[in-house]
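Peer 1: Single-letter residue listing:
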Amino acid sequence: MKTMTNHNDQLVIGGHAFQSRLILGSGKFSLDMTQAVIEHGAVEIVTLALRRANIGGQENILEYIPKGITLLPNTSGARNAEEAVRIARLAREIGCGNFVKLEVIQDAKYLLPDNYETIKATEILAREGFIVMPYMYPDLNVARSLADAGAATIMPLGAPIGSNKGLCTKDFIAILVEEIDLPIIVDAGIGRPSQACEAMEMGVAAVMCNTAIATAGNIALMASAFKQAVEAGRAAYLSGLGRVLHGQAEASSPLTGFLEE
Amino acid sequence: MTYQQGMEAIDSDMLEKVAAMVEQLDYHQYTGHDVKRALAQDRLSIEDYGAILSPAAAPFLEEMAAKAIAATRRHFGNSIQLFTPLYISNYCENHCVYCGFNCHNRINRGKLTLAEIEEELKAIAKTGLKEILLLTGESRYQSGVEYIGEAVKLAAKYFSTVGIEIYPLNTDEYAYLHACGSDFVSVYQETYNSSKYEQVHLEGPKRIYPYRFYAQERAIRGGMRGVAFGALLGLDDFRKDAFAVGLHAYFFQQKYPHAEISFSTPRLRPYINNAGNNANDVHERQLLQVMLAYRLFLPFAGITISTRERAGFRDHVIGMAATKISAGVRVGVGGHNEAEKGDEQFEIADPRSVEQVHQMILSRGLQPVYTDYLRL
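The listed protein sequences correspond, in order, to chains A and B.
Each step along the first sequence adds one to the number in this note's numbering, with nothing skipped, and position 36 is 36.
Each step along the second sequence adds one to the number in this note's numbering, with nothing skipped, and position 269 is 269.
Treat the hints as calculated values from the structure; they're not laboratory data.
These numbers come from a predicted model, not from an experiment.
Errors might be hidden in some of the hints.
[Stated by the list, open to error] What the simulated footprint calls covered on chain A by chain B, stretch by stretch (three residues with Cβ under 8 Å from a Cβ of chain B suffice, anywhere in the stretch; the number is not a length):
1) 112 to 125
2) 158 to 168
3) 226 to 239
[As the list claims (entries may be wrong)] FRET-style restraints, in silico, Cβ to Cβ:
4) B:258 <-> A:10: 48 to 54 Å
5) B:100 <-> A:170: 56 to 62 Å
6) B:364 <-> A:107: 27 to 33 Å
Ideal placement from N, C-alpha and C gives every residue a C-beta, glycine not left out.
With the rest of the complex left out, here is chain A (with noise of 0.2 Å):
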């Protein structure tokens, strides 16, 4: 099990120390709701997608982004290792800082990560000052390779993004918490307030979502339900879950009673 990595319990990245273990993606909201769900969310990290981002332009991501919120630019658009690296390096041009979310997707239909290029742009990016949050198929060898190459956190898809359909790959991004020293972060999938709870609990460090307060009915009320679900989920791994007995109650009298003392 981890050791858990300060006193007041804060989720340090690349040396930045946050409060909020719940990291928005920014995507499919209406740009006018993204303060009341940071706010009821006490989010403090928010993504963003630089192809969105109409700089100088009409609604510009940017200019809804309160100030004291953490930018995390992702790379999506990018198909390979090359395109990601660009898109990173413009968006620390254009004053998004060093944090980059490295998004490689080659398939256009599930948008499932490319892990080999994945690797390879964190690499560069590492080297280069990023703190690079690899968005990444749950796999150990590659999530290894990955903290080699100079990641920051890990960041593995519970399922495919936007299916809301939450923690598919429970059993190996729960490996992933076990052999991997750095935060372990889920990042898609993740469609319940529950799940988020349940990820938590599980011990990664923080999830991100999107869709799923997105698409809510009431969107700042589902933000709200979200923090309360990853701080309950946190607190629970911090405090040791209890045993759970599968299949069959516990014997009264011991089964190795037998035995001679």
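Once you've looked at the hints, dock chain B against the given chain A.
Peer 2: Only chain B this time, still in chain A's reference frame:
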């Protein structure tokens, strides 16, 4: 059908695959039970797709709409992309019996000079739009690839996304236009019924059905990022044509998984006073059924709604099935900055400005998106 001189033939069997499945389609066999079963699926099979395009699905339009809204929101959130077309030439070498631009029609022909194109682009850019679609009639002689390339270069100065809707090209020509600054290509097959296709395309390069069919493949091989598919619904059996469009895109996506895929849904309007007389007529109800079927079969694909449809229809299909809407549209040659230089191909039904469409999108709880592409 024999290719004309200079037309590139590529090694692909997609046409045969699509044709074989369309040939087998007997949409009259589907029942309400088949439609209900299809609508209960997470992912629709080709068989399910046939069912929801069939007449048996007509009573289930409401259920289809509800499922389509959920799929659209999952894949696109609240986003609605905005763009406008710019016609730079209406000269044409084809004789398509249904088209106002056809080479035998005595219309005012016109072609913008590069200086005029730039003035048009500036005028459009002032509206805040970042995506433009350049269109020409189909005349290599009057609007050659180099002329289009120069227009693309100009457009790329003012817009982050440049699409082209021109005559089909060879791979190297698509590569050239891609290098000039264009990334998206729209080519519509009009009808996938090859014998009907021959009947309505009497002269010109467009007569070569397979050359047009394989345009999207050549475009992607030439480095383009995305391609659009469509049939002119109502030209032939619209259910079969819509089925073919979906399959074309489906097989295409399997072969080129990185390609961004979208649909457009142009239609021939039924004759006034002839309503209800023809099973192939595409009224709004049928058009909506097709759009919903596209959304449910390929939920990740973009769908563009044309200004040929009335505002009331467009306002309701965005977010339900459509993800992209044109605004501030002129369909004559030029006309954004100065007077039009050539006649219009068709009449538009929604003349609203970019600002008006922007406000409409917001009023429907959706998010206008001006740019969704980063050229690297």
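Peer 1: Each hint should be assessed against the structure and marked as holding or not.
Peer 2: So, going through the hints one by one against the coordinates:
1. 112 to 125: Our answer is that it is violated, as 0 residues pass the Cβ test (under 8 Å) against chain B, missing three.
2. 158 to 168: This one holds; 3 residues, not fewer than the three required, reach chain B with a Cβ under 8 Å.
3. 226 to 239: With 0 residues in contact (Cβ-Cβ under 8 Å with chain B), the coverage given for the region 226 to 239 of chain A is violated.
4. B:258 <-> A:10: 48 to 54 Å: violated, 39 Å
5. B:100 <-> A:170: 56 to 62 Å: holds, 58 Å
6. B:364 <-> A:107: 27 to 33 Å: holds, 31 Å
When held up to the earlier numbered hints, the structure conflicts with 1, 3 and 4 and fits the remainder.
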